[in-house]
Amino acid sequence: SAVISQKPSRDICQRGTSLTIQCQVDSQVTMMFWYRQQPGQSLTLIATANQGSEATYESGFVIDKFPISRPNLTFSTLTVSNMSPEDSSIYLCSVAGPRGEKLFFGSGTQLSVL
Amino acid sequence: AQSVTQLDSQVPVFEEAPVELRCNYSSSVSVYLFWYVQYPNQGLQLLLKYLSGSTLVKGINGFEAEFNKSQTSFHLRKPSVHISDTAEYFCAVRYISNFGNEKLTFGTGTRLTIIP
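Going down the list, the sequences are from chains A and B.
Residues in the first sequence are numbered from 1 upward in steps of one, following this note's numbering.
Residues in the second sequence are numbered from 1 upward in steps of one, following this note's numbering.
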């Protein structure tokens with residue numbers, strides 16, 4: 001199994017600022033996913049981040065708003081840029097197991113934008 | 001600390017047989033409950049969710065789940081499974097706090113294997 005450390009666990013931010021969320025995995029993984037869950041909603045995939053290539057963004061999400069870095073096989077960051085109250089969500093990092101059949105989850109980041 | 005327990009890591013079931021995947025969570029005043037499915041090499045897909053109202057929730061692909069507050073459970077059921085249901089299933093709970101501190105917690109997953 002993979003152990004994922006995600007930080008910060010929680011933050012309260014001002015409108016117009018940016019926040020970078022970090023995801024550290026204790027083993028090398030190829031596929032990393034970034035999700036968000038807005039209040040009362042299900043998880044929504046923001047993007048898939050594979051090491052050595054540009055992140056693939058889902059419909060409705062763009063790189064300028066959610067830039068992602070994937071410098072190596074154990075680490076990734078997601079930045080929420082120019083935040084507005086609508087960005088208030090839980091953001092979650094997850095990774096796929098070696099055969100792509102199992103997901104492991106970080107502890108999530110609860111973001112509140114004032 | 002809040003937790004979500006999926007007691008069965010693997011469940012083999014014959015095709016067209018019924019299945020129940022168990023999920024229990026630690027007690028809290030308010031929770032939202034979700035079941036997700038992961039097919040090989042794909043991300044999560046929402047099966048169903050419980051936010052409020054009727055405790056029996058129907059989702060996609062013939063799945064349903066029942067919220068039982070007294071037993072703090074949210075078991076997933078399907079009366080007749082198909083080969084295409086082979087996947088990993090995750091129970092997730094969003095704990096709602098009056099103090100603004102919310103947390104999304106996943107179970108460790110149950111691998112459902114359908115036997116022809």
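Accuracy of the hints is not assured; some may be wrong.
Unchecked claim - If you want the footprint, here are the derived chain B segments under chain A, 3+ residues with CB under 8 Å:
1) 6 to 17
2) 45 to 54
3) 69 to 83
To be verified - Calculated lysine-lysine pairs in the DSS-like style (CA-CA distance at most 27 Å, straight line):
4) Lys-7/A x Lys-65/A
5) Lys-102/A x Lys-58/B
6) Lys-49/B x Lys-69/B
7) Lys-58/B x Lys-69/B
8) Lys-103/B x Lys-7/A
9) Lys-103/B x Lys-49/B
10) Lys-69/B x Lys-65/A
11) Lys-65/A x Lys-58/B
12) Lys-102/A x Lys-103/B
13) Lys-69/B x Lys-103/B
14) Lys-103/B x Lys-58/B
15) Lys-102/A x Lys-7/A
For the record, the hints were derived by calculation from the structure and aren't laboratory data.
Built from N, CA and C at the ideal position, the CB exists for glycine as well.
Handout entry: Stated coverage of the segment 45 to 54 of chain B by chain A [criterion: 3+ residues, CB within 8 Å]
Key = holds (count 3)
Problem - Straight-line alpha-carbon gap Lys-103/B to Lys-7/A, limit 27 Å - result: holds (13 Å)
Exercise for the section: Measure nothing beyond the straight line between the CA atoms of Lys-102/A and Lys-7/A; if it is 27 Å or shorter, mark the hint as holding. Expected result: Judged against 27 Å, a Cα distance of about 22 Å means the pair holds.
Problem - Pairwise hint evaluation, Lys-58/B against Lys-102/A, where the allowed Cα distance is 27 Å at most - result: It holds: about 25 Å lies between the C-alpha atoms, which stays within 27 Å.
Handout entry: Satisfaction of hint between Lys-58/B and Lys-103/B, Cα-Cα up to 27 Å
Key = Roughly 24 Å between the alpha carbons, so the hint for Lys-103/B and Lys-58/B holds.
Handout entry: Verdict on chain A covering the segment 6 to 17 of chain B, where coverage means 3 or more residues with a C-beta closer than 8 Å
Key = With 0 residues close enough to chain A, the hint is violated.
Handout entry: Proposed proximity, Lys-65/A with Lys-7/A (alpha carbon, max 27 Å)
Key = holds (19 Å)
Exercise for the section: Take the C-alpha atoms of Lys-49/B and Lys-69/B, compute the straight-line distance between them, and say whether it is at most 27 Å. Expected result: holds (15 Å)
Practice task
Below or equal to 27 Å on CA atoms is what counts here, so check Lys-58/B against Lys-69/B.
Solution key: holds (17 Å)
Handout entry: Coverage of the segment 69 to 83 of chain B by chain A, judged on three or more residues with CB within 8 Å
Key = Violated: only 0 residues of the segment 69 to 83 of chain B have a Cβ under 8 Å from chain A.
Practice task
For the pair supplied as a hint, Lys-69/B and Lys-103/B, confirm whether the alpha-carbon distance does not exceed 27 Å.
Solution key: It holds: about 19 Å lies between the C-alpha atoms, which stays within 27 Å.
Handout entry: Lys-69/B paired with Lys-65/A [C-alpha distance capped at 27 Å]
Key = Status violated; Cα separation ~39 Å.
In summary, the numbered hints that this structure violates are 1, 3, 10 and 11.
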